[in-house]
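*Asks:* Taken in order, these protein sequences are the chains called X and F. Following UniProt numbering, the residues of the first sequence are numbered contiguously, the last one being 239. Following UniProt numbering, the residues of the second sequence are numbered contiguously, the last one being 239.
Note that these hints are calculated values from the structure, not bench results. The structure presented is a predicted model; accordingly, all values stated were derived computationally and were not measured. Fair warning: there could be bad hints in the mix.
Here are the simulated DSBU-like cross-link-like pairs (lysine-lysine), alpha carbons at most 30 Å apart as the crow flies [unchecked claim]:
no.	chain 1	residue 1	chain 2	residue 2
1	X	Lys230	X	Lys174
2	F	Lys174	X	Lys181
3	X	Lys230	F	Lys3
4	F	Lys6	X	Lys6
5	F	Lys181	X	Lys174
6	X	Lys6	F	Lys181
Some but not every residue of chain X turned toward chain F, in silico, with C-beta under 7 Å [claimed, not checked]:
no.	residue
7	Leu20
8	Ala135
9	Glu187
10	Gln206
All residues carry an ideal CB built from backbone N, CA and C; glycine is no exception.
Single-letter residue listing:
2 protein chains.
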Amino acid sequence: MNKLGKLYGLGIGPGDPELLTLKAHRILTTVPVIAYPTLESGKVLARAIVSDFIRPEQIEIPMPLPFSVERSSQPHYDIAAENIAEQLNLGRDVAVLCVGDPMLYGTFMYIFNRLCDRFSIEVVPGISSVMASAAMLGVPITYRNDVFSIMPATLEAEILRDRLAFIDAAAIIKLGRHFAKVRDILEELGLLERALYIERATLPNQQIIPITEIDPEAVTYWSLILIPSKTKLQQQFSF
Amino acid sequence: MNKLGKLYGLGIGPGDPELLTLKAHRILTTVPVIAYPTLESGKVLARAIVSDFIRPEQIEIPMPLPFSVERSSQPHYDIAAENIAEQLNLGRDVAVLCVGDPMLYGTFMYIFNRLCDRFSIEVVPGISSVMASAAMLGVPITYRNDVFSIMPATLEAEILRDRLAFIDAAAIIKLGRHFAKVRDILEELGLLERALYIERATLPNQQIIPITEIDPEAVTYWSLILIPSKTKLQQQFSF
Numbered sequence: 001m002n003k004l005g006k007l008y009g010l011g012i013g014p015g016d017p018e019l020l021t022l023k024a025h026r027i028l029t030t031v032p033v034i035a036y037p038t039l040e041s042g043k044v045l046a047r048a049i050v051s052d053f054i055r056p057e058q059i060e061i062p063m064p065l066p067f068s069v070e071r072s073s074q075p076h077y078d079i080a081a082e083n084i085a086e087q088l089n090l091g092r093d094v095a096v097l098c099v100g101d102p103m104l105y106g107t108f109m110y111i112f113n114r115l116c117d118r119f120s121i122e123v124v125p126g127i128s129s130v131m132a133s134a135a136m137l138g139v140p141i142t143y144r145n146d147v148f149s150i151m152p153a154t155l156e157a158e159i160l161r162d163r164l165a166f167i168d169a170a171a172i173i174k175l176g177r178h179f180a181k182v183r184d185i186l187e188e189l190g191l192l193e194r195a196l197y198i199e200r201a202t203l204p205n206q207q208i209i210p211i212t213e214i215d216p217e218a219v220t221y222w223s224l225i226l227i228p229s230k231t232k233l234q235q236q237f238s239f
Numbered sequence: 001m002n003k004l005g006k007l008y009g010l011g012i013g014p015g016d017p018e019l020l021t022l023k024a025h026r027i028l029t030t031v032p033v034i035a036y037p038t039l040e041s042g043k044v045l046a047r048a049i050v051s052d053f054i055r056p057e058q059i060e061i062p063m064p065l066p067f068s069v070e071r072s073s074q075p076h077y078d079i080a081a082e083n084i085a086e087q088l089n090l091g092r093d094v095a096v097l098c099v100g101d102p103m104l105y106g107t108f109m110y111i112f113n114r115l116c117d118r119f120s121i122e123v124v125p126g127i128s129s130v131m132a133s134a135a136m137l138g139v140p141i142t143y144r145n146d147v148f149s150i151m152p153a154t155l156e157a158e159i160l161r162d163r164l165a166f167i168d169a170a171a172i173i174k175l176g177r178h179f180a181k182v183r184d185i186l187e188e189l190g191l192l193e194r195a196l197y198i199e200r201a202t203l204p205n206q207q208i209i210p211i212t213e214i215d216p217e218a219v220t221y222w223s224l225i226l227i228p229s230k231t232k233l234q235q236q237f238s239f
């Protein structure tokens with residue numbers, strides 16, 4: 001009987017291929033099989049980020065996912081997990097590419113939950129778009145006693161308002177068609193002046209746009225609003 | 001007149017040297033000057049992480065900081081910033097090493113705030129100990145509609161209790177001597193069963209200990225409690 005392959009959840013960061021870790025790069029360039037989510041619209045960000053590192057002899061498993069929230073992704077994850085399991089059962093290591101970090105709102109978690117009882121899994125953390133956005137915007141996020149809240153724009157307006165009402169610092173991710181709702185809530189809460197908008201952070205087509213000048217119809221899923229801490233030099237201690 | 005040097009805020013990740021990004025590695029190994037915080041106790045985690053990458057001809061600027069919260073760090077940052085500025089004025093690029101990510105509770109932010117008006121600064125995001133801990137613990141943090149809250153254990157008990165009362169998922173960082181306080185609050189809120197403890201994530205002496213078996217007197221500053229989302233396979237959509 002074959003030795004089973006090992007499954008890697010590989011965080012590949014927000015977009016700039018140089019933001020892969022040394023470890024993710026080593027695993028990506030040595031595993032025999034790679035898998036990555038693709039959208040039915042044909043968009044394949046994860047593979048595009050690392051395309052220069054992929055070798056022709058590597059087996060590729062695309063994982064098609066519906067982008068629409070009207071249809072469940074779960075049957076698609078079932079199929080993807082079985083395709084991956086087939087390779088693992090043949091004794092081949094498989095790396096699943098994850099934009100950002102695998103465990104933070106990552107598609108990998110759905111593969112992880114399906115296969116963690118059957119195979120050995122190693123997760124390699126990746127640079128989250130949240131930290132990458134703060135670096136690109138050039139703003140410290142949180143000081144010593146600040147609480148940092150990361151939340152998806154997909155939340156209902158009432159819940160978003162509740163969660164944003166008492167923040168020290170926050171990131172609102174996955175804006176897309178939810179931008180206008182978020183902007184209105186920030187305005188209502190007096191947070192709009194502190195809010196910074198960035199899309200496709202660290203990619204060649206990255207955009208930083210003043211939040212009052214954004215066309216809500218043109219906002220991509222790959223965008224976020226960062227509300228950095230109010231604290232600055234008046235802060236007394238760093239530890 | 002010399003061209004001014006460029007200042008880099010270099011996220012070097014949580015501890016495993018392989019969790020540096022390709023970019024941080026490139027900059028670290030090519031800049032003429034590196035700077036890093038040191039504690040008066042002599043502990044120098046940042047430099048230890050990357051010690052194999054440092055070349056003998058690189059100029060090193062240690063930045064001594066008091067670990068005690070009883071004394072302000074600000075005069076120490078003033079001195080460190082001027083030592084760095086001196087090298088930048090000589091036209092030398094300087095990389096400041098930051099454990100984890102530079103903009104998330106980072107010591108670099110205090111250098112950034114002092115020098116951002118005078119010099120060109122580039123921030124390179126790093127793997128946060130929060131994401132690294134989830135990877136090491138093997139638990140997804142947040143699913144689709146979850147809010148993720150990162151908070152320091154140094155907060156007052158009442159504030160901590162308020163912030164933890166309605167979380168979806170949370171990380172409580174910098175535990176140290178605040179562990180017992182945090183544990184009691186988690187117990188009170190019924191969160192202790194979901195809470196996972198890890199210290200020195202990704203370092204050779206990493207420890208994962210059941211939270212009920214921890215000696216509060218022995219908890220290090222380099223530790224955190226992760227409370228992952230309750231959501232699991234019942235979650236319907238990933239986007």
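*Asks:* Using 7 Å as the Cβ threshold, decide whether X/Leu20 counts as touching chain F.
*Replies:* At 6 Å from the nearest chain F Cβ, X/Leu20 passes the 7 Å test, so the hint holds.
*Asks:* Holds or violated: the hint that X/Gln206 contacts chain F, with Cβ atoms closer than 7 Å.
*Replies:* At about 13 Å, which exceeds the 7 Å cut-off, the nearest Cβ of chain F leaves the hint on X/Gln206 violated.
*Asks:* Checking one constraint from the list: CA of F/Lys174 to CA of X/Lys181, max 30 Å. Satisfied?
*Replies:* Roughly 35 Å separates the two Cα atoms, so the pair is violated.
*Asks:* Taking only the CA atoms, is the gap from X/Lys230 to X/Lys174 under or equal to 30 Å?
*Replies:* holds, 23 Å
*Asks:* Is it true that the CA of F/Lys181 sits at most 30 Å from the CA of X/Lys174?
*Replies:* violated, 35 Å
*Asks:* Holds or violated: X/Lys6 with F/Lys181, Cα cutoff 30 Å?
*Replies:* violated, 40 Å
*Asks:* Quick check on the hint: X/Ala135 CB to chain F CB, less than 7 Å?
*Replies:* It holds, given that the least Cβ distance between X/Ala135 and chain F is near 4 Å, below 7 Å.
*Asks:* For the pair supplied as a hint, X/Lys230 and F/Lys3, is the alpha-carbon distance within the 30 Å limit?
*Replies:* This hinted pair is violated, its Cα atoms lying about 33 Å apart.
*Asks:* Tell me if the straight-line CA distance from F/Lys6 to X/Lys6 falls inside 30 Å.
*Replies:* Given that 30 Å is the threshold and the Cα spacing comes to 42 Å, the pair is violated.
*Asks:* Could you check if X/Glu187 really has its C-beta closer than 7 Å to a C-beta on chain F?
*Replies:* violated, 20 Å
Going down the numbered hints, you'll see the structure goes against 2, 3, 4, 5, 6, 9, 10, while the others check out.
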